[in-house]
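A.B. asks: Protein chains in written order, with UniProt numbering: chain A, 1 to 334; chain B, 1 to 334; chain C, 1 to 334; chain D, 1 to 334; chain E, 1 to 334; chain F, 1 to 334.
Bear in mind the hints are in silico, worked out from the structure with no lab data behind them. Treat the hints loosely; a few may be bogus.
As the list claims (entries may be wrong) - No farther apart than 25 Å at their CA atoms in a straight line, the calculated lysine-lysine pairs in the BS3-like style are these: (1) F:K246 to D:K246; (2) F:K225 to F:K180; (3) F:K220 to B:K246; (4) E:K180 to E:K149; (5) F:K127 to E:K127; (6) E:K246 to C:K246; (7) A:K127 to D:K127; (8) F:K149 to F:K246; (9) E:K246 to A:K246; (10) B:K142 to B:K220; (11) B:K246 to D:K127; (12) E:K153 to E:K230; (13) B:K127 to C:K246; (14) A:K246 to C:K127.
6 protein chains.
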Amino acid sequence: MDQIITFGEVLMRLSPEGNKKFIQANLLEFYFGGTEVNVGISISNFGGNVKHISCVPNDFLGDTAMAFLQKFGVSTSAIVRSNRPLGVYFLEVGAVMRPSSISYNRSHSSFSEIQPSMVDWEFAMAKAKWLHWTGITPGLTKGAYETLKVGLKLAKEKGIEVSADPTYRSGLWKYGENAKDVLTDLLSYSTIFIGGINEMNEVLGTNYSYSNEDFINASKKLMEKFPNIKKVFDKIRTSINASWHKIRARMWNGTEFRETNDFDITHIIDRIGTGDAFAAGLIYGLQKFDDYKSMEFASAACALKHTYEGDVNYATVDEVMGILNGNVSGVFKR
Amino acid sequence: MDQIITFGEVLMRLSPEGNKKFIQANLLEFYFGGTEVNVGISISNFGGNVKHISCVPNDFLGDTAMAFLQKFGVSTSAIVRSNRPLGVYFLEVGAVMRPSSISYNRSHSSFSEIQPSMVDWEFAMAKAKWLHWTGITPGLTKGAYETLKVGLKLAKEKGIEVSADPTYRSGLWKYGENAKDVLTDLLSYSTIFIGGINEMNEVLGTNYSYSNEDFINASKKLMEKFPNIKKVFDKIRTSINASWHKIRARMWNGTEFRETNDFDITHIIDRIGTGDAFAAGLIYGLQKFDDYKSMEFASAACALKHTYEGDVNYATVDEVMGILNGNVSGVFKR
Amino acid sequence: MDQIITFGEVLMRLSPEGNKKFIQANLLEFYFGGTEVNVGISISNFGGNVKHISCVPNDFLGDTAMAFLQKFGVSTSAIVRSNRPLGVYFLEVGAVMRPSSISYNRSHSSFSEIQPSMVDWEFAMAKAKWLHWTGITPGLTKGAYETLKVGLKLAKEKGIEVSADPTYRSGLWKYGENAKDVLTDLLSYSTIFIGGINEMNEVLGTNYSYSNEDFINASKKLMEKFPNIKKVFDKIRTSINASWHKIRARMWNGTEFRETNDFDITHIIDRIGTGDAFAAGLIYGLQKFDDYKSMEFASAACALKHTYEGDVNYATVDEVMGILNGNVSGVFKR
Amino acid sequence: MDQIITFGEVLMRLSPEGNKKFIQANLLEFYFGGTEVNVGISISNFGGNVKHISCVPNDFLGDTAMAFLQKFGVSTSAIVRSNRPLGVYFLEVGAVMRPSSISYNRSHSSFSEIQPSMVDWEFAMAKAKWLHWTGITPGLTKGAYETLKVGLKLAKEKGIEVSADPTYRSGLWKYGENAKDVLTDLLSYSTIFIGGINEMNEVLGTNYSYSNEDFINASKKLMEKFPNIKKVFDKIRTSINASWHKIRARMWNGTEFRETNDFDITHIIDRIGTGDAFAAGLIYGLQKFDDYKSMEFASAACALKHTYEGDVNYATVDEVMGILNGNVSGVFKR
Amino acid sequence: MDQIITFGEVLMRLSPEGNKKFIQANLLEFYFGGTEVNVGISISNFGGNVKHISCVPNDFLGDTAMAFLQKFGVSTSAIVRSNRPLGVYFLEVGAVMRPSSISYNRSHSSFSEIQPSMVDWEFAMAKAKWLHWTGITPGLTKGAYETLKVGLKLAKEKGIEVSADPTYRSGLWKYGENAKDVLTDLLSYSTIFIGGINEMNEVLGTNYSYSNEDFINASKKLMEKFPNIKKVFDKIRTSINASWHKIRARMWNGTEFRETNDFDITHIIDRIGTGDAFAAGLIYGLQKFDDYKSMEFASAACALKHTYEGDVNYATVDEVMGILNGNVSGVFKR
Amino acid sequence: MDQIITFGEVLMRLSPEGNKKFIQANLLEFYFGGTEVNVGISISNFGGNVKHISCVPNDFLGDTAMAFLQKFGVSTSAIVRSNRPLGVYFLEVGAVMRPSSISYNRSHSSFSEIQPSMVDWEFAMAKAKWLHWTGITPGLTKGAYETLKVGLKLAKEKGIEVSADPTYRSGLWKYGENAKDVLTDLLSYSTIFIGGINEMNEVLGTNYSYSNEDFINASKKLMEKFPNIKKVFDKIRTSINASWHKIRARMWNGTEFRETNDFDITHIIDRIGTGDAFAAGLIYGLQKFDDYKSMEFASAACALKHTYEGDVNYATVDEVMGILNGNVSGVFKR
């Protein structure tokens with residue numbers, strides 16, 4: 001009973017080098033990611049024992065995607081293969097006042113066409129102590145929603161922790177189900193909520209503001225509606241422009257409100273996956289530290305992620321703790 | 001009445017540099033191609049006036065695909081846009097005894113989901129003198145087949161030349177129609193057949209051998225079945241290995257059989273699109289030369305294509321004529 | 001009568017990747033540019049119908065330069081070819097307190113050796129509604145000056161708008177003519193002045209300061225001397241260092257003085273061509289918007305250009321309007 | 001009892017792209033390899049269950065080396081870490097008549113300074129069914145020799161297969177022991193000999209020629225001296241030049257002599273690790289096929305390796321079997 | 001008597017492009033450096049006549065290292081060759097709050113194993129007017145310490161200037177000698193001290209603070225203990241984060257305390273070698289200017305170095321003087 | 001009296017990677033070369049003491065060109081600087097039947113505009129024992145011709161060897177002088193002729209065939225006309241295609257005719273500068289070996305050059321001797 005389980009799409013990311021646009025490029029860098037993959041790899045990089053469940057194609061792209069996860073020590077033994085293509089996204093990285101731009105090609109991917117019958121959850125979760133899910137997966141297709149739900153039910157039966165990052169993304173939810181209904185359904189199996197005012201308003205049908213007071217009230221209301229949820233963690237981002245952000249975090253754990261200081265990220269290298277880095281930091285932290293220190297660990301992990309190319313957070317525990325211990329000026333020792 | 005029309009999918013090609021596999025790569029080169037696109041661009045590079053008809057996404061990838069065609073002078077005014085993704089293929093380039101390997105992601109692309117109502121053929125073909133099609137397009141989806149058929153009917157009405165390259169590819173034809181029936185239907189609108197024994201056996205239901213004698217007999221039988229077809233051109237490839245091929249061509253134009261000498265391509269750089277280079281050479285040649293010289297021009301163009309990276313043939317008329325005039329030893333002048 | 005005409009040199013730009021110096025590099029990125037080319041391509045990227053007039057070599061470099069313009073939809077039908085080389089410039093991109101450094105090789109280029117007899121202006125401007133010129137062209141050679149003048153005369157005859165960006169660059173004007181005299185001659189054919197205090201002092205022989213008051217006075221004096229000029233637009237740049245600029249714009253249109261807010265460009269990617277992006281934004285804007293909104297559009301376009309590598313502004317109208325509508329924090333939607 | 005164990009140094013390989021020399025390069029490609037690593041990864045790529053035992057540094061280079069093995073599914077659970085640096089080699093890849101050139105920096109590496117006390121062989125070999133070693137390891141240092149010997153003794157006790165590739169390399173054996181004595185000692189624990197006339201002459205002190213007859217006689221003599229050895233496999237390379245080789249293999253298994261046909265490798269991409277690919281093919285093959293087919297499988301695997309960059313053989317079982325089934329002309333299917 | 005002599009290790013630096021980590025990279029950029037090499041090359045780039053003394057391997061890496069020095073005009077005639085490997089360091093470049101990370105492989109390098117008998121100091125210093133050393137060299141091995149000491153003694157005999165940059169680095173000093181004793185010994189031969197409070201406290205055994213007052217007191221005390229030392233120069237760095245530093249300098253020359261203004265380095269490209277750029281600026285400056293202007297020159301050189309990739313300062317005298325003359329906003333002229 | 005002097009243009013070479021055309025490239029590799037530069041660097045790489053005389057621009061490109069020569073140990077002390085641009089050539093590298101293609105931009109370069117007054121030949125040749133010239137230089141401009149002639153006269157006065165490689169290139173000789181007259185003039189100062197039938201026919205006005213007999217007769221006639229010429233060396237190339245050549249050499253030294261065996265260069269990497277490698281091999285060889293061995297050395301050097309990218313031959317004496325000693329199969333030792 002010591003594995004952390006993540007379930008979601010393995011996406012290939014294709015992006016010109018630096019801040020080039022596709023129209024001026026000949027070469028693309030590629031990485032693999034996907035929100036739940038990012039969480040899984042980051043936890044594995046912290047030393048956690050992670051198994052990722054997904055469906056990838058049975059060709060050289062699927063092999064390459066699997067190898068990417070294995071490289072970081074994530075178990076791929078429960079990943080199934082199909083003859084559908086790999087989900088892909090194309091990214092143009094913005095700068096200053098130019099936003100990044102994304103083109104998805106995932107609507108008929110191996111993962112989008114997953115069905116509950118394809119995953120042996122009993123086998124996959126035999127040693128699980130934690131299951132993490134996000135709002136991307138149920139937003140893809142009915143099959144993805146239903147497959148996830150089987151896993152969540154099993155998690156509840158097993159009494160393990162279930163963290164939910166119910167990110168709402170308007171570009172999804174095309175298959176007929178209503179986001180609010182589905183998220184409400186899935187949150188009923190969850191114990192930890194990673195999200196902010198937007199996500200709480202979405203599932204509560206409320207209209208809370210971004211103030212700390214409203215955050216506490218919204219969290220309380222959320223816990224009323226979903227009594228299994230014991231803790232709410234929120235990450236707040238202030239964008240000066242596409243190259244310069246500030247982030248901080250806050251929490252309500254039923255009894256205590258806390259918030260962190262700002263991290264000032266003056267030269268962003270890659271903004272993708274920074275929310276996933278926060279979630280991974282939390283999941284790892286909550287197994288080692290108290291709630292507040294977990295949130296601080298998650299914030300520092302999130303800040304560090306902005307300095308790595310690709311979706312994945314390469315930070316190790318030592319690197320995150322270095323920042324928590326006060327070395328935020330990037331001085332190195334030799 | 002002077003434009004050459006090509007109709008087909010614009011595919012993005014993604015490939016690691018050199019002969020690397022995806023599992024060992026970080027960077028991909030990308031080009032655009034697709035069999036009919038390749039034909040169109042090559043004819044434009046020979047100085048022809050070409051318009052390509054297709055459907056691409058209305059995002060930065062679609063813009064980039066359009067820009068690629070425009071760069072080579074191909075008109076994109078009849079290309080329509082949709083909110084479906086661009087077709088993509090991933091290529092690992094083999095060497096010596098290692099075959100190349102391809103992974104397609106095109107089954108729900110913008111072009112695959114094209115419908116006859118989306119193309120204004122009257123407008124697009126207002127100045128057309130030639131229409132070229134291949135067996136890839138009707139092998140994709142019913143919509144692609146039916147859209148093509150509208151164009152072919154119009155071409156027949158206009159009395160313009162229609163060249164057919166009915167390549168049969170077993171990985172396609174998944175949508176319910178039978179390849180033989182569909183190709184038979186479409187060939188009835190065509191005037192020039194670019195293909196060999198395999199393609200003729202496929203549509204005739206025969207079993208001819210690769211001998212010149214059988215080639216002539218098959219061609220005669222084809223012309224009986226499809227009286228509009230006046231000429232058959234065939235390209236024969238001998239593969240020593242993935243890096244070293246020999247090619248030659250042969251023809252039957254109803255009265256005369258001719259064949260070319262071999263080109264010995266000792267160091268292949270890129271084998272993709274070489275058949276399209278042959279077709280483009282023919283289409284261009286038949287407007288300038290007699291049948292035999294057209295075939296020689298097409299063979300030399302095809303041979304040259306093996307020396308360019310990407311799907312597209314960059315050869316100019318001067319470069320092809322240089323080879324026909326005997327400079328096959330790659331000597332350059334300065 | 002709907003084409004915008006640009007006339008000037010197509011320059012090849014060669015630059016090491018990032019901020020490397022040539023002495024430490026093995027690889028160069030290349031783009032094409034040139035001040036009037038930059039304006040033309042940017043307008044075409046906004047959806048304008050642009051024809052560029054120039055002279056490039058009749059070899060593979062000339063072909064590649066033409067293909068670059070065609071890629072962005074700019075008509076190259078009036079570009080002539082010669083057997084002189086392409087103009088080239090070599091660029092080392094600075095950072096922080098290190099200035100960029102440029103080495104030109106253009107003094108005997110195809111364009112520098114252009115002569116009035118080489119351009120068929122009547123044909124080229126048959127559908128023109130606007131002609132744009134800059135002070136670079138008449139600063140190159142007598143032939144370039146005289147060729148431009150033929151076009152300007154024709155524009156005046158046709159009564160179309162003529163925008164002038166009379167940038168004075170001390171490294172030019174080596175061929176015997178005096179900059180002030182030549183610019184005075186050419187401004188007499190122009191209707192819109194894109195330039196600031198330096199340029200007005202240069203042609204007026206005055207000594208106005210950078211204050212708004214002096215800007216208005218100088219503009220008035222300019223319009224007295226050149227009664228065809230109806231509007232003056234100026235872009236003001238504050239350089240914190242080579243990596244961090246602020247820009248704003250101001251205008252006098254004979255009746256009204258306006259100025260924009262500052263754009264704070266905290267992480268410059270490429271500073272070349274930003275003035276051309278401003279000019280292109282104005283020319284496009286003045287066909288759609290009032291003077292002030294045109295200037296705002298131009299300022300935002302100029303700011304965005306700092307985030308693209310190369311000479312060319314890749315921004316679309318949607319991207320510029322996104323900024324004008326308040327999204328300056330680089331947030332993206334998915 | 002189903003794991004294949006490899007033991008040896010993980011080397012970082014650094015090489016300019018293509019055939020460049022260091023003196024003309026700015027960029028290096030890096031891979032990880034080492035003769036036993038290459039064998040282990042290749043077997044894992046064939047689907048085998050492989051554990052590699054080694055010592056790497058406890059810094060980011062060690063992490064990266066471990067990740068490389070994990071990527072291909074090789075278990076790193078028995079790899080120990082030290083504060084000594086990673087072994088490195090620098091490679092200039094030759095062509096035609098220019099030989100490749102290597103510079104090693106491994107004499108004080110983590111692995112070279114390994115000591116028997118650092119490896120828990122009992123734990124590491126708990127599930128082992130095969131142990132593979134080469135002559136490189138005992139040629140490095142006394143510590144490497146003695147550590148290997150502990151493993152070999154344990155293998156003999158467990159009665160598992162032990163394959164030996166006693167490559168003699170004159171650049172090693174600097175630490176005081178005599179190659180012949182050490183190899184004789186270690187061969188006494190081995191059951192399968194992968195090597196040719198040179199290696200047999202080295203350990204037998206004989207002077208056999210390269211003829212098949214002498215190969216059989218030498219093999220017989222070897223089996224007399226080392227009664228545990230049951231089979232001898234030899235790979236013969238004919239070098240036309242650095243870019244064009246032919247290879248074939250031969251065997252004596254105590255009762256039967258067999259040899260394969262030649263593979264003609266006309267365009268070599270990377271010659272490093274091809275012997276290791278042969279060994280890996282054999283080890284995998286001998287668990288599935290008879291002796292002759294194993295040797296054929298190994299030959300085809302070895303031939304394929306010449307088409308992959310890096311030390312590692314990326315070939316899958318399907319790819320090798322494709323060649324054995326007659327597709328040596330690199331034709332691909334789509 | 002006009003050569004400046006530097007003595008120290010030539011290190012190869014290997015680093016992924018940009019801010020990538022090794023675990024996500026395939027390609028490494030390489031440069032050569034080493035603290036004394038950096039000083040030598042920078043002085044040569046200022047027009048100084050520099051000879052570097054070292055030991056490099058007699059293989060293609062040694063050749064490439066020598067070629068690197070020669071490229072910048074540094075004499076390599078006194079560099080000896082051995083059959084030991086080149087010292088190497090691997091660098092991951094941090095950003096914002098992520099520190100850079102270094103892995104050294106130098107402890108058994110050609111230079112580390114240097115012995116006094118290997119260098120002919122009389123020959124090498126025949127025309128020397130200045131010798132520069134740093135605390136890195138005596139921290140490596142006893143042989144390096146003793147070889148340096150021979151040179152320092154000779155310098156003292158010749159009465160030439162000796163500049164000392166006694167940087168203390170805790171990762172060194174593993175060979176048995178005490179840093180304080182060795183540095184005390186070597187400083188007795190030195191005339192100019194380039195270092196700050198940490199270095200003075202280290203050799204004096206004191207505990208001065210970073211205040212200007214303490215800097216003056218420490219300098220006085222240093223000059224008491226080492227009467228040959230006539231001047232002390234200190235560079236002060238304030239790290240906002242790994243991407244944004246401020247630097248200034250201060251000096252005590254026995255009679256006068258001076259300090260410079262801050263340079264605000266808002267977008268650091270490469271922080272390595274910036275201290276060496278300061279030392280080089282001083283050594284060059286002190287031959288041309290008074291003490292204060294030398295320090296200003298050194299500060300500007302140091303600031304500029306943050307904008308060049310690699311260890312080496314590419315700045316020329318003109319570029320440094322441009323900054324001293326007030327062009328700190330990176331404006332360029334054309 | 002021990003320096004070898006080369007005189008000629010330093011050209012920058014710009015080429016897409018591999019066999020790409022400019023129209024499909026974004027990146028260019030750059031090298032420096034020029035026929036006499038190539039000879040000088042190759043001799044320096046063999047250990048010769050070489051000084052190159054030229055004129056390059058006084059900007060960062062000139063600095064980079066100088067650094068390139070210095071890197072290989074060639075003295076640049078006699079190179080003068082001007083404010084004219086560097087000569088540049090653009091190269092598309094062909095393959096198989098596709099010829100390479102070149103675009104020059106050198107007609108107004110620093111070197112083309114050299115004048116006799118700019119070179120201090122007395123100073124530059126103070127220690128000269130050999131002067132090498134080629135037919136490229138006098139084909140550029142009258143200034144280049146006359147400047148060379150001053151040096152040749154001085155060489156004759158000093159009685160040193162003068163090697164002539166009077167390559168005739170039809171793209172040059174645009175400035176009014178007749179090639180035959182100028183070459184005849186310059187050959188009168190020369191002692192060694194490096195060239196074949198074409199060059200001899202050019203200066204003799206004869207029509208000899210390529211047979212060995214005619215080669216001997218032409219050589220005799222040449223020596224009659226130019227009594228200072230004592231030896232003629234010719235290199236013969238057979239082009240199978242652009243990727244596969246054979247070369248051999250022949251000589252007449254007044255008494256003896258000899259020819260070498262063929263080198264079979266099956267996989268050409270770069271054909272540029274191979275003739276210069278032959279000349280450099282000869283010049284180096286004639287100082288160490290007899291005529292025949294010098295020619296063998298030169299042939300092997302020429303063959304090796306085909307395996308290096310760029311204009312320059314990186315081969316060392318050891319590498320060339322390795323081939324002469326029979327290692328032509330590219331086997332390496334470790």
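A.B. asks: Hint check: B:K142 vs B:K220, CA-CA at most 25 Å. Holds or violated?
C.D. replies: Since the Cα atoms of B:K142 and B:K220 sit roughly 30 Å apart, the hinted pair is violated (cutoff 25 Å).
A.B. asks: Going straight from one Cα to the other, do E:K180 and E:K149 come out at no more than 25 Å?
C.D. replies: 15 Å, holds
A.B. asks: Is E:K153 close enough to E:K230, meaning Cα to Cα at most 25 Å?
C.D. replies: Between E:K153 and E:K230 the Cα gap is close to 18 Å, so the pair holds against 25 Å.
A.B. asks: Hint check: E:K246 vs A:K246, CA-CA at most 25 Å. Holds or violated?
C.D. replies: 21 Å, holds
A.B. asks: Compare the distance between the alpha carbons of F:K127 and E:K127 with 25 Å, and conclude whether the hinted pair is satisfied.
C.D. replies: 22 Å, holds
A.B. asks: Regarding the pair F:K246 and D:K246, is the alpha-carbon distance no greater than 25 Å?
C.D. replies: Judged against 25 Å, a Cα distance of about 21 Å means the pair holds.
A.B. asks: Taking only the CA atoms, is the gap from F:K220 to B:K246 under or equal to 25 Å?
C.D. replies: Given pair F:K220, B:K246 is violated - Cα atoms ~45 Å apart, limit 25 Å.
A.B. asks: Is it true that the CA of A:K246 sits at most 25 Å from the CA of C:K127?
C.D. replies: 52 Å, violated
A.B. asks: Would you check the hint for B:K127 and C:K246, treating anything up to 25 Å between C-alpha atoms as holding?
C.D. replies: Violated: B:K127 and C:K246 sit about 51 Å apart, past 25 Å.
A.B. asks: Are A:K127 and D:K127 close enough, with their CA atoms no more than 25 Å apart?
C.D. replies: 22 Å, holds
A.B. asks: Regarding the pair E:K246 and C:K246, is the alpha-carbon distance no greater than 25 Å?
C.D. replies: 21 Å, holds
A.B. asks: What's the verdict on B:K246 and D:K127, does the C-alpha distance respect the 25 Å limit or exceed it?
C.D. replies: 52 Å, violated
Of the hints listed earlier, those the structure fails to meet are numbers 3, 8, 10, 11, 13, 14, in rising order.
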